[in-house]
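Novice: Those protein sequence lines, which keep their order, are chains A and B.
Just so it is clear: in the first sequence, position 150 is 446 by this note's numbering, and no numbers are missing.
Just so it is clear: in the second sequence, position 100 is 396 by this note's numbering, and no numbers are missing.
In case anyone wonders, no lab produced these hints; they're calculated from the structure.
From the three backbone atoms N, C-alpha and C, an ideal C-beta is built for every residue, glycine too.
It is possible that some hints are incorrect.
[Claimed, not checked] Derived DSSO-like pairs (lysine-lysine); straight-line CA-CA distance at most 30 Å:
(1) A/408 - B/341
(2) A/341 - B/368
(3) A/327 - B/327
(4) B/408 - A/341
(5) B/341 - A/371
(6) B/327 - B/368
(7) B/341 - A/368
[Said to hold, decoys possible] Cβ-to-Cβ under 10 Å is the rule here; a few derived chain A residues that face chain B:
(8) 299
(9) 318
(10) 344
(11) 375
(12) 414
Next come the chains, spelled out residue by residue.
Number of protein chains: 2
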Amino acid sequence: MKYFEDFEAGEVYDLGTRAVSAEEIIAFARKYDPQPFHVDPEAAKDSAFGGLIASGWHTSAMFMSLLANTIKREKWASMGAPGLDTCRWVVPVRPGDILSAKMEVLELRRSKTRPFGILRNRSSMTNQDGKEVMFVEGIGLYGLRPDPAKTEDAA
Amino acid sequence: MKYFEDFEAGEVYDLGTRAVSAEEIIAFARKYDPQPFHVDPEAAKDSAFGGLIASGWHTSAMFMSLLANTIKREKWASMGAPGLDTCRWVVPVRPGDILSAKMEVLELRRSKTRPFGILRNRSSMTNQDGKEVMFVEGIGLYGLRPDPAKTEDAA
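Next up, chain A with everything else stripped away, as it sits in the complex:
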């Protein structure tokens, strides 16, 4: 397991890559953001975006999928998140895009009252042209490394 104490400010984690399809853009938006430029390729052509684009919340969810896969694969002791700060959808995400995500650790602070640490980060995704399509100032909660002495006491 990778615990709160195992992260360091300044580290940058590669969270991997995923593709975006028109089908997924439309399926997400039908459920959660059914505006014409997210669900209707024909209407989207006449919009300010000139074609179908992913909902910003979908873009954020795709970022989360890459983060969650990393948490699972690398056994990070994630305890969820209380929210996020500034998030911007800078460049539209379109069908066929290949998105790569990364997370930079900005600040680490132990909770004064609860058994976890707070990891503030700046996370982002870039597309196949190297353009940053979104960024978010995220806040993750991570479990503390168990104290071997205490574990022995408890046994």
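We have chain A; now place chain B onto it with these hints.
Specialist: Only chain B this time, still in chain A's reference frame:
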């Protein structure tokens, strides 16, 4: 159509209500946030949350669905959103919850360079117990009311 000029700072819009099911929580999380407390009811019992809870991004997407339904139903001239500011998932969202959303208009500003207005808002959802489960400082872009004189010129 309801244009940028038709909103006023201080207005509060009721965005409606939706239910949350375990099936939907799991389906969203399997795709976008497959952490044990979002996808596995048994593992979730042993987590800090004591049971299955919705991904925060899912909670935000459910808020968006209520906003998007309002945009459609009331014909708001939405042109998307560039992102959001502070968002907090305050109280866990659980299967069986009934969520109600509202949006308070904080500030209205016309873009100096582009043909839309920027509507800053504080939006939130409360559950069936009246507890605020999330809030977000949102930023919406809305189309300007067409100028009848210009429309005539163009014709």
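Novice: Which hint numbers does the structure go against, in order from smallest to largest?
Specialist: Of the numbered hints, 8, 9 and 12 do not hold.
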